Amino acid sequence: MTSKILLNIPRLCLRGILHPVINTAGPVCSCRHLTSDVASQQNVIQNIFTRKEKDEHSKIIFRTDVTNPGDHEIRHEGLLYTIDRGIFRRISSDDCFNRFKIQVRTFQEACIMIRKPALEVIHAMKNFDPNLPMPKFILYGHLGVGKNMTLLQTMHYAYMNKWCIIQTPWPQQWIERYTEVSKSTHKPGRIDLPMEARAFLCQLKSQNGIVLNDYKTQYRYDWTEREATEIGTPLIELLKFGLQRVKFADDVVGALLKEIKLLASQRKIKVLVVADGINGFFGPTRMKISDKAFKDTEQAKAGTGFLPTSDLSLIDNFKRLLEPDMVNSICVATVDSNLIPKVNRTDTITPQYLLGREGFAALDPFIPIHVTNYSDKEATSMMEYYTDRRWIHKESGKTHEGRKQLMFLSNNNPRELFKVCTTM
Amino acid sequence: MALCKGKLLFQYFLNNHINHARFLSFTQSNLSRYAKDFIDPIVEKEELSKPLDEFDTRRHRPVKAARTEETIMGDQAVQKFINIIMRDGKKDVARSVIDQTFANIKRKQIERYHRAPTQEEKEKIELDPVKIFHQAYENCKPVLYTRTKVHGGFKYKVPCPCEGNTQSFKSMKFLITAAEEKDKRIRMWKRLSLEIIDASRNEGVAIRKKQNLHRECQANRAYSHFRWSK
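In order, the protein sequences belong to chains B and H. Heads up: the first sequence is residues 1 to 424, going by full-length UniProt numbering. Heads up: the second sequence is residues 1 to 230, going by full-length UniProt numbering.
Possibly wrong hints are sitting among the right ones.
Heads up, simulated DSSO-like pairs for lysine-lysine below, C-alpha to C-alpha not over 27 Å straight-line [said to hold, decoys possible]:
1) B/K101 <-> H/K108
2) B/K59 <-> H/K122
3) B/K398 <-> H/K50
4) B/K258 <-> B/K216
5) B/K394 <-> H/K124
6) B/K394 <-> H/K122
With beta-carbon atoms standing in for the labels, derived distance ranges [stated by the list, open to error]:
7) B/R177 <-> H/R147: 50 to 56 Å
8) H/D40 <-> B/K419: 29 to 35 Å
9) H/E111 <-> B/P365: 42 to 48 Å
10) H/K149 <-> B/K101: 19 to 25 Å
11) B/K419 <-> H/R33: 30 to 36 Å
12) B/D94 <-> H/R33: 52 to 58 Å
13) H/T118 <-> B/N344: 39 to 45 Å
Keep in mind that the hints were calculated from the coordinates and are not lab data. Predicted model only: the values in this text are computed from it and were never measured. All residues carry an ideal CB built from backbone N, CA and C; glycine is no exception.
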């Protein structure tokens, strides 16, 4: 028995993004409720949960031994795999995956579920055409449905294969919660956020230290009359300069992204652009121009209103990555209804609505991926994991009847399921 | 044609459902909001699924609403704790605070469980937050407390035994005030959960408060005979 691994190959092939390669690796079996097939899958099984009760689901496999995300196939769907904690610490910087980090601390392991959307993106990352402009995947879905975790899985794949990862923080960090504001040194009329730029540089350093060590600059940058970065200095030194001179941090970000873009176009590195809540980077910011911080800037002449996002140099630099001349790279982003002001918020979750006219125009040829709630199989394997980790420790939570009730209460929403299980 | 007063009332009772007559008793029999003929609710799911007899009382008698602790939380002390922590009648907020404290206690304990190297140490750790709360609540119960009494123009703090509702109220109040006095920048559920875990091991500010009260009673033991005087 062989199978087509990808879920919608024709859709991707039509757009010319994928080579029409069909991966036919290995036999496929219905993955979880097998009691007879256990011996044939010994590499898959790490832990078989056994109980004394006479129940239908007495043996459920919920983990895989395959920790490399490149080796995952559709038969692993719904199983959990562990990320090495050292790698996880490097991937997740200061202010992202916060909810998951708490879970990692309690369970003492970083364990995530293999799900269809992530498999789809990783398959595209394996065989895409480097000569075409980069494919953009946009994940959408209701709150707490697992968009962030799919991002994490793709980032894990990228890290293991030595891609360059560029990840933006949650956009409110740049749009709303600024600490310091200054005029741009590079271009008049722009506004710098030095502390945020510094945090971004730290993140770049931790996520792809190997890539930055290997390659060198191909342009010359003059910062002041005395200070300059020559051609042929390693990229890591350029980054360290940005960390030392916070005044130029925004410009260093721009320079680094420019160098990375050039390297990608020379086919030296592959780039993964990750943005959580990409719709926050379009439209107006939440910074009031009448605020004290903007007293001396050019925007103050306009008087009232909110600052447009294009005036922030960080966001402007980031948007250049989305232009069509970016090749040999992939963009994975989410759209989030949390970023819309509460007054205007509706139940609509489609990317076209959330991005707005400006955002839709900037990202236009993109591939939307709908992230849904758990299926029943996924929910049961997740609850099995929770019982293994003692998150569910009451006897009533382990029975078939109790699980049915938990699934009903949470509507199979991953975040709600975790919350509901706290009382169990 | 207008009816006389007695006939009107009689007509009213006939037309309406007969249950209305129940609310028209003029003497207050008890403080319950329900009248006497309301029967207790059935909470167990198995009992509910059974078919009813033809002459079962549940067919024609009204039923009381089920209490919260009977259905969801399953604990009377926790419900009392929620009511004590409540401010300005915002029960929803109080309930969410308690839910988050219990979640945080559980998180802390499970972290400790997975960090423990051997199986023996793991088995010693209690994971159920409600049980930990009960342990803390029992540990904080004072045996003595003071009442003020005026005697000969002076106020005396008279020690007397603490039992029943007073004792349980005081122990819960110790936990809450101890948590409230901590650093305000940290969330209440975080402070409270740390306090409860400490109190379950006979440590922390709440336990110290209880000991201080005992010490005060010990110091004022000379006044204890005022308890019997006028």
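Broken hints, by number:
10, 13
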